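Enquirer: In case you want the letters, here they are:
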Amino acid sequence: MPGKSQEKEKLIDKEGKRVDGRQLDELRPIKLEVGILSSADGSAYIEQGKCKILAAVYGPREAHPKHLALPDRALLQCRYHMAPFSVEERKSPAPSRREVELSKVIRESLEPAVFLEYYPRASIDLFIEVLQADGGTRCAGITVAALALADAGIPMKDLVVACAAGKADGKLVLDLCDSEDKLGEADVPVAFMPTLDAITLLQMDGNLTLEEFEQAVNIALTGCKQIYKLQKEALKAKYVALKEATE
Amino acid sequence: MSSVIAKVKQKQIAELLAHGKRLDGREVNDYREFQIEVGLIEKAEGSARVRLGKTEVLVGTKIQVGEPFPDTPEEGVLTVNAELVPLASPSFEPGPPDENSIELARVVDRGIRESKAIAVHELSLESGKSVIIVFVDVYVLNHDGNLIDASTMAALAALLNTKMPNYVLEEGEVKKKTGLTQLPIKNYPIAITFAKINGKMVADPGLEEEQVMDARLTMVFDKNGDICAIQKGGGSGSFTAQQIVEAAKIGQQKSAELRKLLVKE
Amino acid sequence: MKGLPVFFEKREIVTPGDLLAEGDYIVGENTYREGDKFYATRLGLVDFVDKTVIVVALHAFYVPRVGDTVIGKVVELTIAGWLVDIKAPQPAMLRASDVFERSFKPQRDELPGIFDIGDLVITKVIAYDRTRDPQLTVREPGLGKITRGQIMEITPTKIPRVIGKKGSMITMIKEQTGCHIQLGQNGVVLISGKTPENEQLAMMAIRKIDEESHISGLTDRITEMMKKIKGSEKNAGKVTREGEID
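Protein chains in written order, with my numbering: chain A, 1 to 247; chain B, 1001 to 1265; chain C, 2001 to 2246.
By construction, these hints were calculated from the structure, which means they are not laboratory data. Please note that a few of the clues may not be correct.
[Unchecked claim] Simulated crosslink set (BS3-like; lysine-lysine; CA at most 25 Å straight-line):
#, chain 1, residue 1, chain 2, residue 2
1, C, K2124, C, K2165
2, B, K1009, C, K2174
3, B, K1009, B, K1054
4, A, K243, C, K2208
5, C, K2208, A, K238
6, B, K1021, B, K1249
Since this is a predicted model, take the numbers as computed values, not measurements.
If we strip away everything but chain A, and leave its shape as in the complex, we get (with noise of 0.2 Å):
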């Protein structure tokens, strides 16, 4: 975490709202579409808050390079990557050590639910592309990435979501956007499945007492179950509505 700035921003005013209007446990609005991509196997698109998040799926295909590949179960890989256009400060198209870091983190907080057994020697191939960033793209990043690979037909055990809570002058809130990430004194990104009420995720960056800790923990799970339910509301819509329109 960055050290304080000279001018400490307010992050929450006198009536307890958050920079953009939000009350301390409330989710930033999220848009969820799934399969909007011609050539990818699955793919999905998220707006939360101002973060634009595009991922697909590719697979399961043969795996490239070939000496990856295992002989009991498919190789999961992941990509997050960033627009050059998508922060403030134009950012360079070449992978950063964060980039990196993130890919891993995101694809070790997906392979438990998925059922990578099924498939030895093959690769599922995902890729996380981040349009506009604005704080939490990694949770963000693993909500659209488990709906693209549900909508590529990969079986799993349940959807993975994720959410992020924090500490933002002093107080405990829900979902960080981009400056209480920067400004605050704590962020801790957690992803979850809900069936198996196992998390997968779990980070932490800053300062929390044990009980802090506890307490944000509760409180992105309880933003995670209010996200699956849109996650499943949209892997259901184009159905739904074809239903509909035909009835």
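Since chain A is already given, all that's left is putting chains B and C on it; use the hints.
Expert: Same frame as chain A, now just chains B and C:
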């Protein structure tokens, strides 16, 4: 199935072309539908998403203040980059830009630069020290053929959409005044691409047509109907001089039609 | 099964992780179990057949089974034979020895004479398990290179709906369009007719089945559509009524 094109499909394309028809029912000079949306990425100073049929390209522009090139101390700087991100096609691999993404970026760049679309002389803040730098980043989101025309259209739309801070030179320092200004855009380059298949020229090739083509010819026209960039690519085939001249005539007309999508006369 | 808890009605749309049933059930297609709880693994329509919980996936890719007839595309020539893309998680192999019956070491440049890169072939899966990629054969009658026609790709799980009960649906489409139609179990369909219009009509009908099979009354809608387009009053009553999942 894999990006190897099926022989029966190649035959089908050839048979249809012999009757002046294409796989999706288009005539040889027909373009697929263009859909253009601008301003969708607020963090970018300008942005545009173009759909040409199912091909989808997103362009974002970013503005920075920086040093000019030494040989042009009073001109702003244009940098065009293109990413063929792997999610756009089973044939795109992650990694540094390959020859296709570099060619795409350089052709889009040429069209903008040679048509002097951006009045770079109006982007100087302090001679030799500070100028406006314009980054144009082309992001291909779905590849269904003719990335060049879609990208050129998206780049132009993004430039027209670009709003940047009011930079001024005050007491030797570059400062931001309140408000936003537009980029000074003086010309509107439009790219028209033909693919040569079995001796016939088809405009706006789709993905499968590109997989069977002998070669590809792209011409970029400015608002006066003059040509400001040409690129022959897409394979090791060749064109006759006559094919090129005929294509240029059709291209000039087509580019004027397509320009109307962005610029009202 | 009476008395045991289920959480959805038949033919409701379920998503991965949905709890479908609890108790003395059997795991069926696209479900898994934890203890005595049964969950969906894919987006689809849930059904209960005796004690088996199944989900008919709305979209799934092809996983080979020995005995399947599939349509694939030759993508690579190797020393052993032809690598064929049959849209499975692993690439399939058609061994040279399958075509050259005696023990024969073909020179690499003899392979293209039989099948070349880009050729579409109708083959059968003769081997596939966890330890090896699918193996194919063209030795049976009706198998081999495809020389003409149009190809379309649909979700493999919908192939049984395209066939219909006792072949009624596919027979109706063939009769109404006069097309020869070959269905690959991997979801690849070859249509070859006298005119492009006939081929288009057959493709539209099959596409409609692919997209709407989860909505009851499909048979009627297909019949309606074809009648309208053909403008003919030909009776399509030979088709067996069906609104149930196969």
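Enquirer: So which of those numbered hints doesn't the model satisfy?
Expert: none
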